[in-house]
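Peer 1: Sequence:
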Amino acid sequence: MVMGVALAGLIFSISFSSLTQGADLDQYTTVLEPFFLLSFQRAMMTGVVLSMLGIGVTLVRGPESK
36 MVMGVALAGL
46 IFSISFSSLT
56 QGADLDQYTT
66 VLEPFFLLSF
76 QRAMMTGVVL
86 SMLGIGVTLV
96 RGPESK
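Residue numbering for the sequence shown follows our numbering, starting at 36 and increasing by one per position.
There could be a bad hint or two in this list.
Said to hold, decoys possible - Pair ranges (Cβ atoms, derived):
hint : residue 1 : residue 2 : range
1    : L72       : K101      : 45 to 53 Å
2    : R96       : E68       : 39 to 47 Å
3    : V92       : L45       : 18 to 26 Å
4    : A41       : T93       : 48 to 56 Å
Since the hints were derived computationally from the structure, they do not count as laboratory data. C-beta: ideal position from N, C-alpha, C; glycine also.
Required output: the full structure, derived from the provided sequences and hints.
Peer 2: Here you go:
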């Protein structure tokens, strides 16, 4: 869980910085809101994709042998 939060934070930070040419959240204004929302969406969608990959791996692996 900690790794997931760290990964989401990293993706958000890289995306926001890239979209705003290096602007920091300390300088946040309403002009930056679309970039904030897009960065947040990218971070959440990455989590969705990784979760779907995990589900796929679990289904391919099959039931546990006892």
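Peer 1: Run every hint past the structure and note whether it holds.
Peer 2: Structure-based check of each hint:
Between L72 and K101 the Cβ separation comes to about 48 Å, which falls inside the hinted range of 45 to 53 Å. R96 and E68 have their C-beta atoms about 42 Å apart, which keeps the hinted 39 to 47 Å range intact. A hinted range of 18 to 26 Å for the beta carbons of V92 and L45 is consistent with their spacing of about 22 Å. One distance hint, 48 to 56 Å for the beta-carbon pair A41 and T93, is violated here, with the actual separation near 23 Å.
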